[in-house]
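Trainee: Listed below, chain by chain, are the residues.
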Amino acid sequence: MKKFFSLLFIAALAILLLYVVSNMPGMGEEDVPTRQNVIPRYLENAEEETGTENVITGVILNYRGYDTMGEVTVIFTGLAAVIAIIGRERRGKNYAYTDLSEIASSVIVRIAIIFLAPLILLFSFYTILHGDVSPGGGFQGGAIIGASLIIFTTIFGLWESTSRIPQKLRFPLEGAALLSFFSVGAIGIIGGGNFLTYTLPRLTTSLQPAVRTWLTLLVEIGIGVGGAMVFISILFALLREEGGVVGY
Amino acid sequence: MMARDIIAGILCAVGTFFFILGTTGLLRLPDVFSRLHPSTKCDTLGGCSVLIGLMVHSGFSFDTLKLLLIVAFLLVSSATCGHAIGRSAFVKGIPIWKKGLEREE
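The listed protein sequences derive, respectively, from chains A and B. Here the first sequence is numbered in my numbering, starting from 764 and rising by one per residue. Here the second sequence is numbered in my numbering, starting from 400 and rising by one per residue.
Incorrect hints may appear among the rest.
[What the hints assert, rightly or not] For the chain A half of the interface with chain B, some residues (derived, Cβ under 10 angstroms), not all of them:
(1) Val837
(2) Ile838
(3) Phe839
(4) Thr840
(5) Ser868
(6) Ile874
(7) Ala875
(8) Ile876
(9) Leu879
(10) Pro881
(11) Leu882
(12) Leu884
[Unchecked claim] Under 8 angstroms between C-beta atoms, here's a sample of chain B residues computed to sit facing chain A:
(13) Arg434
(14) Thr479
(15) Val490
(16) Lys491
(17) Gly492
To be clear, the hints were calculated from the coordinates, so they are not data collected in a lab. Because the structure is a prediction, the values reported are computed rather than measured. Cβ coordinates follow ideal geometry from the N, Cα and C atoms, glycine included.
In isolation and in its complexed conformation, chain A is listed as follows (with noise of 0.2 angstroms):
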């Protein structure tokens, strides 16, 4: 009878559904929302206002930078309410790498991750600085810099990932991509313009494409190393070895 109902309900949705569907714009037609406003302006533009052969990069750092600015803040604020609550990572006495794990990991994997580890982080560095050409960008690559320090974190333990990024480098990077858009802001009004604008009216026209270049990338890798930071923080704060210490 359960079974009855439970059929009976989906397909009462699914047919809602289907209805739905079913009066939307087809695919590639000319009434479509996405082919009448602000996108065909985007898409014959963007190349030309921001710079960026990358569309995506040009509408995110450039058109809606505000909007940007607002979710690097808001990443920041999760990276702030999590050491708020639970604090920064604990790490242990044993001043060596020890497996703690209920299974020791196998040697297979140690080296495969010993060999996967710096090509994955080449290739974040590689997605940060081509991400205003090619699809990329500095969210994506420091969420792939935060994958290849969760891999290697899961394998060789706190210890050795905290050898290496230690809290005092990480410290004031975790800031990094809200400095980085600050200051790119400040500089677009230094050089004559609104807070944000890449295009600076003080200089001489000739320099203005290198220098929008080179704001953009700036921006790209604050947001980075900014987000990577904040995830490879987040991490470690949740991990916490016997007999921690805080602050080394």
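With the hints as your guide, set chain B onto chain A.
Mentor: Quick look at chain B alone, frame taken from chain A:
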């Protein structure tokens, strides 16, 4: 051009066949170890066949090198993954299915 497309299509079809086979095995086989066997075939045989098909399709260009790198990393990571899952399941003492035993749910 035509021959290249046909070869690429055949390779992609072979890859898709292995993916279907792997998914069926993952759903139907009784225990961890026998499920691990078909599911690792998905990534290695299936994925590599599809990627080699794409390499044939793209011709000799810079994309071929990228696809070759993807194949290499896929082989390394997928094989390691299968090894890690199988080893930890074995060390943990998960019972091995024998004929006549109830199928674990």
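Trainee: With reference to the structure, classify each hint as holding or not holding.
Mentor: Each hint, compared with the structure:
Restraint check, Val837/A versus chain B: the minimum CB separation of about 32 angstroms is more than 10 angstroms; hint violated. Against a cut-off of 10 angstroms between C-beta atoms, the interface hint on Ile838/A is violated, since the closest Cβ of chain B lies about 28 angstroms away. Restraint check, Phe839/A versus chain B: the minimum CB separation of about 32 angstroms is more than 10 angstroms; hint violated. With its C-beta approaching chain B no nearer than about 34 angstroms, Thr840/A sits outside the 10 angstroms limit, and its interface hint is violated.
The beta carbon of Ser868/A comes within 8 angstroms of a beta carbon in chain B, closer than 10 angstroms, and the hint placing it at the interface holds. About 9 angstroms separates the beta-carbon of Ile874/A from the nearest beta-carbon of chain B, less than 10 angstroms, and the hint is met. Below 10 angstroms, beta-carbon pairs count as interface contacts, and Ala875/A has one with chain B at about 4 angstroms; its hint therefore holds. Hint on Ile876/A holds. Least Cβ distance to chain B is approximately 8 angstroms, under the 10 angstroms limit.
Given the 10 angstroms rule on beta carbons, the hint for Leu879/A holds: about 6 angstroms separates it from the nearest Cβ of chain B. Restraint check, Pro881/A versus chain B: the minimum CB separation of about 13 angstroms is more than 10 angstroms; hint violated. Satisfaction of the interface hint for Leu882/A is found here, the shortest Cβ-Cβ separation to chain B being roughly 7 angstroms, below the 10 angstroms cut-off. Proximity of Leu884/A to chain B is violated relative to the hint, the smallest CB-CB distance being about 14 angstroms (cut-off 10 angstroms).
The interface hint given for Arg434/B is violated, since its Cβ lies 19 angstroms from the closest Cβ of chain A, which is over the 8 angstroms cut-off. Below 8 angstroms, beta-carbon pairs count as interface contacts, and Thr479/B has one with chain A at about 4 angstroms; its hint therefore holds. About 5 angstroms separates the beta-carbon of Val490/B from the nearest beta-carbon of chain A, less than 8 angstroms, and the hint is met. Here the hint on Lys491/B is kept, as its CB sits about 6 angstroms from the closest CB of chain A, short of 8 angstroms.
Evaluation of the Gly492/B hint against chain A yields a violated restraint, the C-beta minimum of about 10 angstroms exceeding 8 angstroms.
The structure does not agree with the numbered hints 1, 2, 3, 4, 10, 12, 13, 17 stated previously, though it agrees with the rest.
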